[in-house]
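Please build the complex by placing chain B on the supplied structure of chain A, with the hints as guidance.
Here are the chains, one letter per residue:
There are 2 protein chains.
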Amino acid sequence: MPTIDFHAQHSPAGAQAQFTIGKFSARGGLGIGVAGIPQQDVFVGWSRGGVTRCLPFYADALSRQAEAFTQTQSAGGPKLQPYAENEIRRAYSIASDVWTTDVLKLEVFTPLVSVPDPDAASFDDLARAIRPSVSVRLTVDNSKSREAMRAFFALGNFPRYMSLRGADLVGVSSAGEYGFATRRRADIAVRPFCEWGLQTMLERPEPRECWLAGTAGICADIPPGRTAAIDIAVGFYHAGRATLGRDTVYMYTRHFGSLEDVLLADLADRERTLADCRSADARLRKARLNDEQRFLIAHAVHSYFGNTQLLAEGRRPVWVVNEGSFMMMNTFDLTVDHLFFEMKLNTWTVRNELDSFYERYSYHDTVHFPDSPGVQHPGGISFTHDMGVNNVFTPDGHSSYEAKDQPGCFSHMTHEELVNWVLCGADYWHGTGDGDWLTRRAGVFRECLASMQNRDHPDPARRDGVMSLDSSRCGREAEITTYDSLDASLGQARDNLYLAVKCWAAYLALETVLAEMGYADEAKSARRSAELAARTVAAAYDRDLGYIPAILNSDSRSAIIPAVEGLIFPHRLGLLDALRKKQPHKKLIDTLRLHLGNILKPGFCLFKDSSWKMSSTSINSWPSKVFLCQHIAREILGFDFGEEQLKHDRAHAAWWRIGSAPYGVIDQFFEGKTSGGGCIYPRGVTNVLWLDE
Amino acid sequence: MPTIDFHAQHSPAGAQAQFTIGKFSARGGLGIGVAGIPQQDVFVGWSRGGVTRCLPFYADALSRQAEAFTQTQSAGGPKLQPYAENEIRRAYSIASDVWTTDVLKLEVFTPLVSVPDPDAASFDDLARAIRPSVSVRLTVDNSKSREAMRAFFALGNFPRYMSLRGADLVGVSSAGEYGFATRRRADIAVRPFCEWGLQTMLERPEPRECWLAGTAGICADIPPGRTAAIDIAVGFYHAGRATLGRDTVYMYTRHFGSLEDVLLADLADRERTLADCRSADARLRKARLNDEQRFLIAHAVHSYFGNTQLLAEGRRPVWVVNEGSFMMMNTFDLTVDHLFFEMKLNTWTVRNELDSFYERYSYHDTVHFPDSPGVQHPGGISFTHDMGVNNVFTPDGHSSYEAKDQPGCFSHMTHEELVNWVLCGADYWHGTGDGDWLTRRAGVFRECLASMQNRDHPDPARRDGVMSLDSSRCGREAEITTYDSLDASLGQARDNLYLAVKCWAAYLALETVLAEMGYADEAKSARRSAELAARTVAAAYDRDLGYIPAILNSDSRSAIIPAVEGLIFPHRLGLLDALRKKQPHKKLIDTLRLHLGNILKPGFCLFKDSSWKMSSTSINSWPSKVFLCQHIAREILGFDFGEEQLKHDRAHAAWWRIGSAPYGVIDQFFEGKTSGGGCIYPRGVTNVLWLDE
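For the record, the sequence lines run as chains A and B. Here my numbering is used: the first residue of the first sequence is 52, the next is one more, and so on. Here my numbering is used: the first residue of the second sequence is 52, the next is one more, and so on.
Same shape as in the complex, but just chain A (with noise of 0.2 Å):
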């Protein structure tokens, strides 16, 4: 049996927010805007006759369960008694979180609905759909004892409490700004408390408000003989300004007047809540996956949503996914891989940020070759690698990322997020047939082939469909890729045969764009750069080693998975068929098989334990470009994995399970290892493809 001992996230969409359990004797909570995971004891238990249990979501739970068992009850009252993991069950899917021991179950529900667009939607529809809060239920089993049962549902290192008292409600808050209500119901005596600790709570007979002590709850007496189930609204509301450089509000804020506002419509709407998150939750158990893989694409969705906002820009909706615990805002070189998972959900919010991105986060540059960068030459338009960070959006055309003379890290992306514009663009209108937004954006996609054939080679005649000049922007470093933490195998952009690849999909999709807004010419000359491209990358193939080496025209000998990762868009775009019949493309694809067949080998591009290694040449591996890689090797390129398929999935999810177990999802894994930094990350939800196959 997997572990169940490991962080997910619960969180409404667009609300930047998370109630995060799981990991054993580690700290979670709620948080709003956090970057990482809230550091409040999470206590859920049931105290009977001296005896208190609680799932093991408090720090030192474990150590103090040793406690509990060799100490005498002396002094500090009665001691908590955290469930072991051999006596809790765990059913974690896509939209519920299940756990259940002897006599307690506890479920936290987030229904995984789309976010309808809300210049379209109805007041009603959007506001349920972005309510902010997560559903909880926790029920406990009085039903064989004689004596009566406190339950209770409390959270440690809260600040600022408040109690929510109103004609229906029974719950605390934080400051206003987060916390969770349950019904006043005559049946069972449900009270709000703040203390010093639980134990001084339970040892009270009446619970107390102590505004100095910073652990609060609400408990319930269970009268022996009965079983309870006690609906739990757990809400967040940020009034006010939710971000500074632009000036926005949430957007819920306009659907809901308060924290309790949100939590009476949660507990309203449960029945409607949970047929969803059963509905969803049914989808994933039926579609043809192994049980790791479904593990994979819950967790990663689980990740996803605490990373999104809805903001109002005055009457403009502006859709944010910040790159988890780096907190950056709409990292374009992530947009392009969560692009798989809006389609399915919420199409407007690729329009929304490819609109931002144009709006006011392009740019226009000149360019250089490396080995003169004294002679600039013509550039054209591109787009920041983000639009800020921590909640503040950057001054127009400037990333909170990227930096001038900056070798490495945090140096420019200008060609990438060149390329990520078109390749998004594309798909948002073939996946929605928007073509309103397209004429509005033509424009946007003639100067994206210009600024791409530029970046190829200032004379027509000498251009290879590959990028040979940096960025002006870069002064005198050059220009990386979203691999920036790798070595020059995936990291360095020139000659780079991953951002290669995708040249030669973006230049497909923008003659396809091109050439249905009537620019013949252009898409022509769209066209003509994809077979440069796509005969200059087959031509690097090396027959000696079995690959294309990673960095064309150099001495690399490094080969990297995310060669195949471009396939992808042509794929979406329905060209893929076409090309297979046609030279040069044919060529390509079939090299890119070869390529990914030969370098798919363990000690080179796979670790021991099965698990991908997307360079030869570093320990450095990200779950969500794999799970790409995957799907496109089985999905594209004809890969049958057979008995293996299930090793690698498996490895996949020992990172998560495992590897990140105290962090919630994380995007990069050195041997399977991680310390912690990027937790909460978004981008593996590349995965969703897998439901396509």
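Just to be clear, a hint being listed does not mean it is correct.
Covered stretches of chain B, going by a simulated chain A footprint (3 or more residues, C-beta under 8 Å) [what the hints assert, rightly or not]: (1) 162-172; (2) 292-304; (3) 437-445.
Away from chain B, derived, C-beta distances all over 12 Å, residues of chain A [stated by the list, open to error]: (4) I83; (5) D170; (6) E246; (7) R259; (8) R277; (9) D282; (10) Q427; (11) S450; (12) F461; (13) D485; (14) A529; (15) D572; (16) R578; (17) D628; (18) D641; (19) S726.
Simulated from the structure, these hints should not be mistaken for lab results. Glycine residues also receive a C-beta, built at the ideal position from the N, C-alpha and C atoms.
Positioned in the frame of chain A, the structure of chain B alone reads:
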């Protein structure tokens, strides 16, 4: 020479804000509403020809200093070489803190101006008094050099960077909430920057803004042969809701539209600010005090203002003084000690707090004898310990601190706070002559008299002027005093000598106030109670011991200095000269003089280093209370400590200069030691009473 190596807060009035520097090799910096010391490295210094020197206001400055000498300047770039203590002169006074080295001078100014009554003041006067800024001047002398010098003023751990660029301003802000700026100038290039570290900035010819990074500041390039004085405004701006429970905003948001507004106003008002500071410093310099006393007053005042908040609840001003890092709001047993300071500067704040306590934080209880808690007797009005915590106002009638059934610390202070309302109210009326207020609050004083007498004894015939019954709010436990963390000698309220003398003072105050308002019978009744108290306390003098034991009617043998505290109030009300001539008061005053003289002995109520030990049975001693009792000893009881005075003062100054050097002012020392709890404490300002001697 006393050490200069200690933290000091520089704070405007009413903004709960601080700019903290001074402790070597430790963090400080900027914060609003921080419960303790901000944790930012502060870099103030210059770089020229490969040499970079800083004031030592950042973590590990001193160990890094060693590094700078022993290591070659390799990959890490230019090393920061902090000034050592023997290279720096610090001049620290009530309104300025000046750091001088060979070529650098840092001046920090906080003018000690009164906050006028917002209901009466002009818009401009109030704006100026509560402008949330601290005025800094950085002077660097490059006159003797042929190289350019780059001066800098920067903070590390600076979240949510934004640059401030107005027509006139060059500066940086953290999310618009705090920041600093100078004026753009023609003669020197002054630029904002945000970098990964100070060294990274110094390596670049052109400082850059990297939004992702966390070291932000301004730098100025000083040409060879020039000396430059750079005025820097450090500002704070908390927009929107300031507190919960009561919906308030900072008053200054009515006067200033943004952080930029604040900074511009500070820079424009520079000459008047400096004149105010010079005048405040001169007043302290001219006072008949020794240097240790001057330091103690200056340090207490520096710590006070960071605790203050001038809020607006609709049209109504709300004054809050927070309890240092404990963040309790308007703790009433501190208010009564802040009284002496506020009555010098901001008398209206006393009225404001008393009105809040009456209107929202008063309650009525019943009372009981300790040996028959089941039999409740009439009690009366009293007031809560505080109004909330962490900027959350507690519900009306409840403090954040007090709890039922709580032994010791966190029990109720019912009788003490009742007495405090009476004493503050009488002092406010006497000090201001505000008859309107007295008329409006006549009923409260009358209620207070009845309530005090009910806590003495339900049978008027059996009263002795001293508290004998505990509030029903305590449940099965007993009332405590402000000395909550001491042993019973000061902690227990019932029969407590300290509280008994304060009750005597309160009855005298009530007599005066009620007579003034024409309630002759009640005035007489108050006088009778005062006489009873005087007799009871004086009679408790133990000739064998040579003092009055701390707990009357018990076998306590503790001796306490705060026995004399209550004397301050009749002294301030102008009653004492008459009382000295009249029994039983004369007897009480004489007995207290005898008491104090006999216990102020080394090893008893003096620590080895001559610092004052409040209780003979506890090593816990509080500067604020010691200062108050020193004043009473000299001014009221006629003590002359002669040569010893300086020894006392030096020992108390060492508590703050050395004992709490990393924390700012602390008000609780255990044999001169502290673990840092309750830092930035406000109560030390009792020592402004020394200015009246």
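Enumerated hints in conflict with the structure, sorted upward
1, 6, 7, 11, 12
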